[in-house]
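Residue numbers (the numbering used here), protein chains in the order written: chain A, 1 to 299; chain B, 1 to 210.
In short, the hints are calculated from the structure, not lab data. Mixed in with the good hints there might be a few duds.
As the list claims (entries may be wrong) - Non-contacting residues of chain B with respect to chain A, defined by C-beta distances greater than 10 Å in every case (computed):
(1) H62
(2) D69
(3) R77
(4) S86
(5) R88
(6) S91
(7) Q101
(8) G105
(9) F129
(10) T131
(11) N152
(12) G155
Claimed, not checked - Some chain A residues judged to face chain B by a derived CB distance under 8 Å, without partners named:
(13) L16
(14) W194
(15) D199
(16) S238
(17) D257
Don't be surprised by glycine CBs; every beta carbon is placed ideally from N, CA and C.
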Amino acid sequence: MELGEFERDNAGSCRLSSPVPELCRAGPCCLGIDEAGRGPVLGPMVYAVCYCSLAKQEELGALKMADSKTLTEAEREQLFGTLEQARDFVGWALHILSPNLISTSMQQRAKYNLNALSHDTAIGLIQHVLDAGVQAVEVFVDTVGPAEKYQEKLKRLFPELEVTVRPKADSLFPIVSAASICAKVARDRAVKNWTFPEDLGDVRMEYGSGYPNDPKTKEWLAQCLDPVFGYPQFVRFSWSTAQTILESKAVPVRWDDSEDDPAQKGTRSVLSFFARKESSKRQPHRFFHECKLETVTGL
Amino acid sequence: MHRDSRPRAARGALGEGGRPQLSSACLWSKMSESSSPIRLDLSSLRGAPQDVLHLLPCEVEHNGSAPVDRYFTPAIRQGSQEKSVSFRGRSLKGQEVMVPQGYVGLVLKEDQRPCTEEEERTVRLKSTFGTLTVWNLERAPSADDGLLLALNWPGIAEAVSTDVLLSCPLPPPQNSEGGWWRVLGPGLAATATTKGWGARSPPIPQRLAY
Chain A
1 MELGEFERDN AGSCRLSSPV PELCRAGPCC LGIDEAGRGP VLGPMVYAVC
51 YCSLAKQEEL GALKMADSKT LTEAEREQLF GTLEQARDFV GWALHILSPN
101 LISTSMQQRA KYNLNALSHD TAIGLIQHVL DAGVQAVEVF VDTVGPAEKY
151 QEKLKRLFPE LEVTVRPKAD SLFPIVSAAS ICAKVARDRA VKNWTFPEDL
201 GDVRMEYGSG YPNDPKTKEW LAQCLDPVFG YPQFVRFSWS TAQTILESKA
251 VPVRWDDSED DPAQKGTRSV LSFFARKESS KRQPHRFFHE CKLETVTGL
Chain B
1 MHRDSRPRAA RGALGEGGRP QLSSACLWSK MSESSSPIRL DLSSLRGAPQ
51 DVLHLLPCEV EHNGSAPVDR YFTPAIRQGS QEKSVSFRGR SLKGQEVMVP
101 QGYVGLVLKE DQRPCTEEEE RTVRLKSTFG TLTVWNLERA PSADDGLLLA
151 LNWPGIAEAV STDVLLSCPL PPPQNSEGGW WRVLGPGLAA TATTKGWGAR
201 SPPIPQRLAY
């Protein structure tokens, strides 16, 4: 798994894939989809699709894939190595969403929530492997949000596939376990080798797991806070953990599109509509108004 | 924005043994009689450092320095069409804008504000700039944005106050209620009504009344 492409620009998103095994082009396959790094306040979220030729399902079972959360980092690395060795019947594709992309999407003018972002990423990955020539017939997905609704959505988009969306699918279906291992391995590597475009000076790079309740993560968040910029792009600004710290320790920032400005919400007094308009002052031509040009007479 | 006098000042300086011609200027407050003048100390104009300026689409409640070079500049990505970066987790798209030709941007600082209204105020030149990066939330700045329109003004002001000779006859004005032809520059003409332009600006251009 070569993350170089993502590491060169870790502000956006990046799709990586293994070569498609010949068997998966020739015969029917099953797909598994899972994600890693949904909860942490730091680092990317990684979506993975793993696929296997249906003719080789027994061999996949023999690889003893398990839910990545029940495994240690070393065990996951080892299992990922096993998957790489099974490359003549197993393939994978990843979509890495940078923390900057997550922050900016969730804090967009037209809000793009994490569930919608997750669904769209999964849909993009299914389409990606179909386009790559994988003969997919069934797909197993670990749910995000209500499973039934998500399943209906996927069925509508991919009527030719047999779709199964379940909570905890990563511990129920070996192909989803395999996907969860791919995703978690990529997320761990991306976090470990994160190159900060920012110059953080003396801040130590011991940020822990990135989960908000990890003491190391908490300490790091307190340490690298800048009152004006807040955090480097490695931090998900849209997470309440980050927002709470920013609200109390950073300088306030007001955006044009924010709605929580009480001064602008105030209703005008009824009387103000009947007040005599000031007509003595000559208004400048609207050209100046449109250009936001004003006569300045003081500082 | 200050009309650049540097070339002239430099020439003067050569002839007069290095004495700068442009040492200070006064901005007079025109609104009320009681306000004091503001002294603009331009003695260091030629030696002033160039600054990198970013105009953000938000209000940052902070007056002072910030580690722009460490947190912001290195994260800017140059796309094929526009620059992009994020600030506080919001996506910004930017465009580099030139200060109008013949002008120079000044960053001024008032070291100490006088205690009373009557005292003269002095602002010091901190740095100069020839370009600035204008950032918008999520969409790139366009020619319709306020600041970019405002920067057209020096050119328009110059055009409307320059005498031009018309070599072709003008058609009658569109507006029968006191419409005027207003000459905007070589080959450019526009109509404006008597109510149109403000009292002080622009300088009254040539009028061709029908």
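Quick rundown of the hints versus the structure:
{"no.": "1", "hint": "H62", "result": "4 Å, violated"}
{"no.": "2", "hint": "D69", "result": "7 Å, violated"}
{"no.": "3", "hint": "R77", "result": "6 Å, violated"}
{"no.": "4", "hint": "S86", "result": "5 Å, violated"}
{"no.": "5", "hint": "R88", "result": "5 Å, violated"}
{"no.": "6", "hint": "S91", "result": "4 Å, violated"}
{"no.": "7", "hint": "Q101", "result": "18 Å, holds"}
{"no.": "8", "hint": "G105", "result": "15 Å, holds"}
{"no.": "9", "hint": "F129", "result": "19 Å, holds"}
{"no.": "10", "hint": "T131", "result": "19 Å, holds"}
{"no.": "11", "hint": "N152", "result": "7 Å, violated"}
{"no.": "12", "hint": "G155", "result": "12 Å, holds"}
{"no.": "13", "hint": "L16", "result": "20 Å, violated"}
{"no.": "14", "hint": "W194", "result": "13 Å, violated"}
{"no.": "15", "hint": "D199", "result": "4 Å, holds"}
{"no.": "16", "hint": "S238", "result": "6 Å, holds"}
{"no.": "17", "hint": "D257", "result": "7 Å, holds"}
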